[in-house]
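Colleague: Please build the complex by placing chain H on the supplied structure of chain C, with the hints as guidance.
From first to last, the protein sequence lines stand for chains C and H. Residues in the first sequence are numbered consecutively from 1, following the numbering used here. Residues in the second sequence are numbered consecutively from 1, following the numbering used here.
These are computed hints drawn from the structure, not numbers from a lab. A few of these clues could be false.
DEER-style ranges, computed between Cβ atoms [said to hold, decoys possible]:
| no. | chain 1 | residue 1 | chain 2 | residue 2 | range |
| --- | --- | --- | --- | --- | --- |
| 1 | H | Ala25 | C | Asp21 | 48 to 54 Å |
| 2 | H | Lys355 | C | Thr106 | 26 to 32 Å |
| 3 | C | Ser49 | H | Gly212 | 56 to 62 Å |
| 4 | C | Glu84 | H | Ala280 | 48 to 54 Å |
| 5 | C | Ser49 | H | Ser252 | 41 to 47 Å |
| 6 | C | Ser55 | H | Lys123 | 34 to 40 Å |
| 7 | H | Lys123 | C | Asp107 | 38 to 44 Å |
| 8 | H | Thr169 | C | Ser55 | 54 to 60 Å |
Values in this document were obtained by computation on a predicted structure and should not be read as measured data. Ideal Cβ placement from N, Cα and C applies to all residues, glycine included.
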Amino acid sequence: MAVPKDYKYTKTHEWVKVEGDVATIGITDFAQSELGDITYIELPPVGSSLNQSDSLGVIESVKAASDIYSPISGEVIEDNTNVETTPEMVNSSPFEDAWLVRLKVTDQSQIDNLLDAEAYEKLLEESGSH
Amino acid sequence: MSDNVLKTPLADRHVALGARMVDFAGWYMPVQYAGVMAEHRTVRETAGLFDLGHMGQVDVSGPDALAFLNYVGSNNTSVLEPGAAHYSLLLYPDGGVIDDIIIYRRPSGVGYFVVINAANIPKDVDWLQTQRENRLDLDVTVENISDNTGMIAIQGPNAEQIVAGLSSTDLTEQPYFSMRETTVAGIACQAGRTGYTGEDGWEFYCDIDRVGDLWDALMKAGAEHGLKAIGLGARDTLRLEARMPLYGQELSAGINPLEAGLSWAVKLDKDDFIGRDALAAAKEAGINRRTVGFKMVERGGVPRTHYAVQVDGREVGHVTSGTSSPTLGENIGLAIIERSAAGVGKPLDIIIRDKPVKAEQIKMPFYKRDR
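Just chain C, same shape as in the assembly (with noise of 0.2 Å):
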């Protein structure tokens, strides 16, 4: 199961890529992996404002819906409008070219306090998984 080193991550699988101001989130790929088929996402629109832990959108596979939160507070300044239109992405490319949204940072501690890739990769043996 893959983890990139540089990222952020959440107990809840998602993760973040933090370039500047602008976090980029996403779901993981034990994450994806555990959704099964993907077939549909829905993100908030560009201008929302989120606060940590909000839903920050919806994701359905064959299987079942679940909500993706918001691991950090912040507004969303762009949505990945592909993985809407093909949702399958998510499946194949997690942690790159399905990312979901953008956030402009309001508060650099949030992330701090998000777990690093050892600590992730961790919970997730704990958890039996993989």
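Modeller: Relative to the frame of chain C, chain H by itself:
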């Protein structure tokens, strides 16, 4: 996984194939191997093999076996020739559904073999035994043979070719919904030409101790024909595209078969059966709900079981099953709604995450194979 979960003899094979295992109706079963979409396409395009060891089987025998099945079942089992089969329903006196079942008349002409749903085995067997005691005028024996019976289905356009190379008798001419006694790879089987996918294929029943050998032989012979193991996830999307009901969703104690669109399996003009009077009265009064098929015509999500259905802001029913259809590439579902709202082409709003999302009623089944 709890300790008392039941396992079929094939569980280790599923794990070795990389399956994701889940607790389904108390059984440790594969929900997927390669993924639901890929497995679904495999069955539509080549062939798939299903472990159905969780399903139940009941042997009904004795001089009055036919009279008994006609009393507890909604269909007219008198029409079955030896080796023929049909779909029937076990009903409560009020017309609610206990289970949907397949009744096979044994090829010898003596006795019947009844297939029941995994989740309903104890309920069905208790019900049948209770009715047997209520009808001591009938000389009939009802035996739950689920623990001794292995069950595997092979489904898909290449199923016939695979089975033809392994069976001791020619099964290629076997009619749909019939049973033959044969051997497959030397293993004695009852072969039902039925399924739950909308494709051609068989359901094989054999001694529980031989089901591992049967699985291995079919997997080996099928490899060159694209045969793959298929999990319960694809089984559900396949049956939904073919508009086959699932007990607990399209059918339940609270939904009668006339509302579920199964009047073809309810023979009100045969001799008395449990539930007959209630259904005759319901029919006389007018059936107020219909089960309809729909597709989403607006972006907004995938319809799921229990989602509310509205027309002009008024609730008219609920979704019984829904999915992203791998074959159609559309989000589809079945819903039970007020009769006045039902009709091909008529609009529905499916309430997805508190928002109405537009759907349109379409003809069923959603998928029909070329015959």
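Colleague: Tell me, in ascending order, the numbers of any earlier hints that this structure violates.
Modeller: The structure conflicts with hint 7 only, although it agrees with all the remaining ones.
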